[in-house]
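Novice: Each chain, letter by letter, is given below.
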Amino acid sequence: MSPDGRATPAAGAEEVEASLYEVRQQIYPRAVTGWFAWWRVALVVLTQLVFYGTPWLTWNDRQAVLFDLVSRKFYIFGMVLWPQDFIFLTLLLIISAYSLFLFTAIAGRLWCGYACPQTVYTEIFMWIERRIEGDRMQRMRLDQGPASFRKFGLKALKHGTWIALALWTGFTFVGYFTPITTLAASFAAWTLGPWETFWIFFYAFATYGNAGWMREQVCKYMCPYARFQSVRFDPDTLVITYDTQRGDPRGARGRKADPKALGLGDCVDCNICVQVCPTGIDIRKGMQYECIGCAACIDGCNQVMDKMGYPRGLIRYSTENAIAGQYADSDFRRHVFRPRVLVYAALLCILVVAFIGGLLLRSPLKVDVLRDRGALMRDAPGGQIENVYRLQFINTDEVARRYTIGVEGLPGLRVMTPQPIEVPPATTQAFPVSVRVDPEGLAPGSHPIMFLVNDIDRPEVGAREKSRFYVR
Amino acid sequence: MRKQTGKRLMWILWPSFIVGGIAEAVFFTLIDPQELYLLGEPVHWSPTAVYSVGFFMFWLIAAASSAFTCFLLSATPGDDVSD
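Keeping their order, the protein sequence lines are chains A and B.
Using my numbering, the first residue of the first sequence is number 1, and each one after it goes up by one.
Using my numbering, the first residue of the second sequence is number 1, and each one after it goes up by one.
In case anyone wonders, no lab produced these hints; they're calculated from the structure.
Do not take every clue at face value.
Restricting the straight-line Cα-Cα distance to at most 30 angstroms, the calculated cross-link-like pairs of lysine-lysine (BS3-like) are [said to hold, decoys possible]:
#	chain 1	residue 1	chain 2	residue 2
1	A	K260	A	K307
2	B	K7	A	K285
3	A	K466	A	K366
4	A	K307	A	K285
5	A	K155	B	K7
6	A	K73	A	K155
7	A	K73	A	K366
8	A	K73	A	K466
9	A	K158	B	K7
Computed beta-carbon distance windows for the label pairs [as the list claims (entries may be wrong)]:
#	chain 1	residue 1	chain 2	residue 2	range
10	A	E422	B	L13	35 to 41 angstroms
11	B	L30	A	I356	36 to 42 angstroms
12	B	L9	A	Q326	43 to 49 angstroms
13	A	V45	B	S74	44 to 50 angstroms
14	A	G78	B	L9	40 to 46 angstroms
From a predicted model like this one, the values you see are computed outputs, not experimental measurements.
Ideal Cβ positions, reconstructed from N, Cα and C, are used throughout, including at glycine.
Model the full structure from these sequences, guided by the hints.
Specialist: Laid out in structure tokens, this is it:
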């Protein structure tokens, strides 16, 4: 119940908490248009074009973005990442986390409102629902109405469309791990492998369940970000706020009535802000952890303000300090550069530089030296001693490369293996390499040596690897 | 108790799903599935099968831990954390 005693779709937080799944009140968000709704749709379209489109792009005659688990290589446009490059994935995750902290400190839950897959898919699923079942009132009437042929038809159509979209989403997801053209071909020929089929359905089920059924409950009960957002906020963070001073006391009135004469604020208590809310809260009660920052209430309220001829922005993006009258909304920018934001930004810059620098400086050649397990050493013609090694080459480039192998550390030490050796594109290959020396004057036992590998075509690419040479 | 089932399932399955995913990524980055042995025999399954089964194993283990935590919370007398 809201303070004014009016029933709202969302009951008090504690009540909802205890009633998950059992008496959850179905939320029927009302469609809204406006500046922020436009941005939300734009971001839905953009993120989904990227998600559904990316696996179909090609690069160097292969899928441009492919996380090839079978051959343990991640292809991302011109880059091939190997398990050894795990550090970059870790860095990328840390960068994402810091970006989230930075955006949250400046402007609240931008991620939740516009880019989070949960929001995006819920938005798409709700759009389908609206197209099929109609807007808020029609949907409520349909759900409350008796079972009928029409109701069954509409529900079947809605769920059918949802499931089709969910399956396509699952297919696309699997297409990031298995070449999508092959996947499409085997789908068409009905010869999908058991695991591919399983993961398509698994992901489709998750999409259908989360976006069709769970919706705001995922944000409320499952998302950890919602829980710690309050420690990421401060009084200068831009959040969606109802201007209590301007709006209260609330009350209905005619368009021509003078609110001052009636002793009323600007809020006409039309409840549009509650009806459009995807999480079913009343923003007029102040900051609530359920608020995903989608700004639907701002759009809804602005439309009403326009109709009433009042200035827009009764509900708006503002900061705690600005609402308290410490500075004007327009001065928000001057309060952006505060220690918290500067620290996040500085850390983010360092991490991004480290990430890009690391990627650019990543050597396209890696070499591992293993001693041959069979024999420590053997005699070679001319009284020489031979040691045999296995050199494993990882050519991370997408072109074949030729390498020379040198060795140093003992006088007269020579590599006997024919050179150069060639390693095919983006391949790991091992070669046996024999090394000989004249033992004259050498102490028996083990001597440290160094293998020097060089790319013939690119002198700046090379590798040095330590090993040991045994002399009798 | 009956009323809590949905919530409990979510508390058990959801965090363990996330942890299972992280464990899967870390484990299989470091270890090539072709190098694994199952009951003394090299694993003959396809890599996709190993990755998939591996994920569900990690999820299951993490879920077992979550379920244990959940049980301890609800079995603590005089503690209303789970109410």
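Novice: Evaluate each hint against the coordinates.
Specialist: Each hint tested on the structure:
Of the supplied pair hints, the one linking K260 (chain A) and K307 (chain A) holds, its CA atoms being roughly 18 angstroms apart against a limit of 30 angstroms. At most 30 angstroms may separate the alpha-carbon atoms for a hinted pair to count; K7 (chain B) and K285 (chain A) meet this at roughly 27 angstroms. This hinted pair checks out: K466 (chain A) and K366 (chain A) have alpha carbons roughly 13 angstroms apart, not beyond 30 angstroms. Restraint check for K307 (chain A) and K285 (chain A): the C-alpha separation of about 24 angstroms stays at or below 30 angstroms, so the hint holds.
About 27 angstroms separates the Cα atoms of K155 (chain A) and K7 (chain B), which keeps this hinted pair within 30 angstroms; it holds. At roughly 44 angstroms between alpha-carbon atoms, K73 (chain A) and K155 (chain A) are farther apart than 30 angstroms, so this suggested pair is violated. About 15 angstroms separates the Cα atoms of K73 (chain A) and K366 (chain A), which keeps this hinted pair within 30 angstroms; it holds. Proposed proximity of K73 (chain A) and K466 (chain A) is supported: the alpha carbons are some 27 angstroms apart, at most 30 angstroms.
Using a Cα cut-off of 30 angstroms, the hinted pair K158 (chain A) and K7 (chain B) holds, with the two alpha carbons roughly 27 angstroms apart. Range check, E422 (chain A) to L13 (chain B): Cβ separation about 51 angstroms, and the 35 to 41 angstroms hint is violated. Range check, L30 (chain B) to I356 (chain A): about 25 angstroms between beta-carbon atoms, so the 36 to 42 angstroms window is missed. Evaluation of the 43 to 49 angstroms hint for L9 (chain B) and Q326 (chain A) yields a pass: the beta carbon distance comes to about 46 angstroms.
For the hinted restraint 44 to 50 angstroms between V45 (chain A) and S74 (chain B), the CB-CB distance of approximately 45 angstroms keeps it satisfied. For the pair G78 (chain A) and L9 (chain B), the beta carbons lie near 45 angstroms from each other, so the given range of 40 to 46 angstroms is met.
Consistency note: the structure conflicts with the earlier hints numbered 6, 10 and 11.
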